[in-house]
Amino acid sequence: DAGVIQSPRHEVTEMGQEVTLRCKPISGHDYLFWYRQTMMRGLELLIYFNNNVPIDDSGMPEDRFSAKMPNASFSTLKIQPSEPRDSAVYFCASVGGPNQPQHFGDGTRLSIL
Amino acid sequence: GDSVTQMEGPVTLSEEAFLTINCTYTATGYPSLFWYVQYPGEGLQLLLKATKADDKGSNKGFEATYRKETTSFHLEKGSVQVSDSAVYFCALRASGYSSASKIIFGSGTRLSIRP
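Protein chains in written order, with the working numbering: chain A, 1 to 113; chain B, 114 to 228.
These are computed hints drawn from the structure, not numbers from a lab.
Errors might be hidden in some of the hints.
[What the hints assert, rightly or not] Here are some of the chain A residues that sit facing chain B, going by a computed Cβ distance under 8 angstroms:
(1) L43
(2) Y48
(3) V53
(4) D56
(5) D57
(6) P61
(7) F65
(8) A67
(9) A88
(10) F91
(11) Q102
(12) F104
(13) G107
This one's a predicted model, so the numbers in the text were calculated from it and none came from an experiment.
Glycine included, every Cβ here is placed at the ideal spot set by N, Cα and C.
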């Protein structure tokens with residue numbers, strides 16, 4: 001089975017540019033989560049979806065961040081404009097059903113110069 | 114609110130040493146408890162879980178017992194290997210929510226094993 005697939009694995013861009021991170025959850029999973037991981041703040045939940053609908057976006061740091069899930073097999077996390085403090089590893093995870101664990105992708109390492 | 118507290122790292126041990134990583138939680142009701150492991154350059158993977166009091170989760174030689182009386186879920190392994198070097202996260206999923214709702218993670222404990 002293919003796991004959660006994230007792209008790109010690494011992204012380096014200049015401050016002020018738009019950044020788009022992509023996630024393909026495991027087929028059949030109906031919950032999708034976006035996390036951010038930094039040394040200072042650890043693992044933070046940004047937003048999660050159920051059946052493509054955003055359920056809780058209280059972790060999204062500010063209006064520069066937005067997330068969409070246009071269909072069951074694809075989600076994006078966008079940062080516009082990007083800032084150096086957005087540098088982190090961003091993870092996507094999906095869940096398949098009752099009492100099932102979250103399955104994580106390998107993450108996107110984002111560096112904003 | 115619900116929270117997870119785990120021992121700060123880094124933890125450095127010699128190969129074949131005994132490992133304990135402490136984890137305590139605060140939650141109402143009967144949460145499910147988890148240990149996740151993150152190897153370098155990878156996402157988190159479920160290591161083991163326990164869904165009710167006195168349950169013992171185990172996997173790859175690691176064990177943790179759900180202790181409601183002490184609100185703890187300490188991770189143990191009798192003999193660690195270099196390949197166990199990773200970051201370990203204790204986590205809970207609150208009871209009363211959808212079973213697929215968000216999980217609350219601890220801050221992670223970095224474990225390094227010397228050959």
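query: When the hints from earlier in the document are held up against this structure, which numbers fail?
result: Hint check: 3, 5, 6, 7, 8, 9 fail, others pass.
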